[in-house]
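Participant: Here is what each chain is made of, one letter per residue.
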Amino acid sequence: MGCRDIRESISVFVDGEASAGEEASVREHLASCERCRALERQMRAVGAGVRQLRGSVPDRFREEVFARLESEGALPKRKKVFPAAWRWAAVPLAAAAGLGLFLLTSREAVRAPVPRAPVTSRVETSAPVALSTEDREMLALLDILEDPAVFDADDDAEGMDLLAPGDPADSPNPPRGGRSGA
Amino acid sequence: MLLFREGSREAFEELFSRHHRAVVRFAWRMTGDPSAAEEAAQEIFLRIARAAPTYLPTAKFTTWMYTVARRATLNYLRDTKEDGEKVPILPEGKGEDGVYPVQLPGPDDRNPEQVVWEAQLTERFRAALGELPEGHRAAFVLNRGDGLSYEEVAQVLGVTVQAVKTRIFRAREMLLSRLSNDLSA
Numbered sequence: 001m002g003c004r005d006i007r008e009s010i011s012v013f014v015d016g017e018a019s020a021g022e023e024a025s026v027r028e029h030l031a032s033c034e035r036c037r038a039l040e041r042q043m044r045a046v047g048a049g050v051r052q053l054r055g056s057v058p059d060r061f062r063e064e065v066f067a068r069l070e071s072e073g074a075l076p077k078r079k080k081v082f083p084a085a086w087r088w089a090a091v092p093l094a095a096a097a098g099l100g101l102f103l104l105t106s107r108e109a110v111r112a113p114v115p116r117a118p119v120t121s122r123v124e125t126s127a128p129v130a131l132s133t134e135d136r137e138m139l140a141l142l143d144i145l146e147d148p149a150v151f152d153a154d155d156d157a158e159g160m161d162l163l164a165p166g167d168p169a170d171s172p173n174p175p176r177g178g179r180s181g182a
Numbered sequence: 001m002l003l004f005r006e007g008s009r010e011a012f013e014e015l016f017s018r019h020h021r022a023v024v025r026f027a028w029r030m031t032g033d034p035s036a037a038e039e040a041a042q043e044i045f046l047r048i049a050r051a052a053p054t055y056l057p058t059a060k061f062t063t064w065m066y067t068v069a070r071r072a073t074l075n076y077l078r079d080t081k082e083d084g085e086k087v088p089i090l091p092e093g094k095g096e097d098g099v100y101p102v103q104l105p106g107p108d109d110r111n112p113e114q115v116v117w118e119a120q121l122t123e124r125f126r127a128a129l130g131e132l133p134e135g136h137r138a139a140f141v142l143n144r145g146d147g148l149s150y151e152e153v154a155q156v157l158g159v160t161v162q163a164v165k166t167r168i169f170r171a172r173e174m175l176l177s178r179l180s181n182d183l184s185a
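Chains as they are written, first to last, in my numbering: chain A, 1 to 182; chain B, 1 to 185.
For the record, the hints were derived by calculation from the structure and aren't laboratory data. Note that CB positions come from ideal geometry on N, CA and C, so glycine has one too. One or more of the hints may lead you astray.
Said to hold, decoys possible - Have a look at the derived ranges for each label pair, beta carbon to beta carbon: (1) B/Arg9 <-> A/Arg35: 53 to 63 Å; (2) B/Ser17 <-> A/Ala94: 32 to 42 Å; (3) A/Val57 <-> B/Phe61: 15 to 25 Å.
To be verified - In silico SDA-like cross-links for lysine to any residue, where the CA-CA straight-line distance does not exceed 20 Å: (4) A/Lys77 <-> B/Glu13; (5) B/Lys60 <-> B/Arg21; (6) A/Lys77 <-> B/Pro53; (7) A/Lys77 <-> B/Ser8; (8) A/Lys77 <-> B/Arg21; (9) A/Lys77 <-> B/Arg124; (10) A/Lys77 <-> B/Glu10; (11) A/Lys77 <-> B/Ala11; (12) A/Lys77 <-> B/Leu46; (13) A/Lys77 <-> B/Arg47.
Given these sequences and hints, build the entire structure.
Facilitator: Written out as structure tokens, the structure reads:
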């Protein structure tokens, strides 16, 4: 076979698509033809050249393709993480979780009560507060309640005129109605 | 693809992840232009998604995908041609036996397999590939670039295996003619 007739077979041979008979013919010709051996090498080279053209995927290619598909409605919608049935189940589940949390914290409270800081320490650390007139009156009343003797003395001094004869205020243990005079 | 046809979005996402690089690369080799390749590649995936309802697994998925890809790039090239750019596209089934002004380079002392495809040479190769008739370019790119067999290329292009042999051979001869100075010592 001449060079002109075997060129196409060399191309097929280079691509690994030659039949057994065709391959044998090509090998036989190449063994004796320097010119066609060079041609074979060049044919392999241009094949390698195609693979050098790789290109690159544009940055936002995926986003743009999916956006176009979405706008056309050509893409099924993504499945929701919580389907409708699970959304209804979420209400009793949340309630149960809340109840469990309540019970747990209640038990913890019984087991380990939080120690209260002594009142005195709070008073000691607090800054002095200016008392209003009303506050002073309230404190005075508290003093009276803590010391009945003071209460009685006041009663004797100021409240006598207000009380009618035989009023329970005369009794040794008068009711707290005496506070109304303040 | 069958899962996607049945309504699985995840199946399409998987399909996209597996094949988008090959699709972009094919579009780039066929159009020779990054922005054109991106546009064509987007169109390819749109066509794949649109075709899902009628998809039948009569061939390998990749063979079908390249069929869609080739049609999309062909349409793109035709549109470009109509816009006035020079893109050689021969009608289907013609040109395989046509005569091209090919002058094969003579023997050389360099081993072409050792040729370093530097950026400049790659650019010249890209330009030469772009001058091939579309049918020849598609056959050559699918076989040498994407690794499809002659039989698969024939299915994608809708021609006989013999036509594929001829197209690839012609493509090689034309490329060698244009790149003879780069490949010869």
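Participant: Work down the list of hints and note, for each, if the structure agrees.
Facilitator: Status of each hint after checking the structure:
The hint said 53 to 63 Å for the Cβ distance between B/Arg9 and A/Arg35, and at roughly 58 Å that hint holds. Between B/Ser17 and A/Ala94 the CB atoms are about 37 Å apart, so this pair conforms to the stated range of 32 to 42 Å. A/Val57 and B/Phe61 have their C-beta atoms about 20 Å apart, which keeps the hinted 15 to 25 Å range intact. This hinted pair checks out: A/Lys77 and B/Glu13 have alpha carbons roughly 12 Å apart, not beyond 20 Å.
Taken as a hint, the B/Lys60 and B/Arg21 pair is honoured in the structure, with Cα atoms around 18 Å apart against an allowance of 20 Å. Distance hint between A/Lys77 and B/Pro53 is fulfilled; the C-alpha atoms sit about 16 Å from each other, no more than 20 Å. For the hint linking A/Lys77 to B/Ser8, the alpha-carbon distance of about 9 Å falls within 20 Å, and the restraint holds. At roughly 24 Å between alpha-carbon atoms, A/Lys77 and B/Arg21 are farther apart than 20 Å, so this suggested pair is violated.
In summary, the hint linking A/Lys77 to B/Arg124 is not supported, as the alpha carbons are separated by about 45 Å, beyond the 20 Å threshold. A hinted pair counts as satisfied when its Cα atoms are at most 20 Å apart, and A/Lys77 with B/Glu10 qualifies at roughly 10 Å. Using a Cα cut-off of 20 Å, the hinted pair A/Lys77 and B/Ala11 holds, with the two alpha carbons roughly 12 Å apart. The straight-line distance between the Cα atoms of A/Lys77 and B/Leu46 is roughly 16 Å, inside the 20 Å bound, and the hint therefore holds.
The hinted pair formed by A/Lys77 and B/Arg47 meets the criterion: a straight-line CA distance of about 18 Å does not exceed 20 Å.
Of the numbered hints given earlier, the model fails hints 8 and 9; all others are met.
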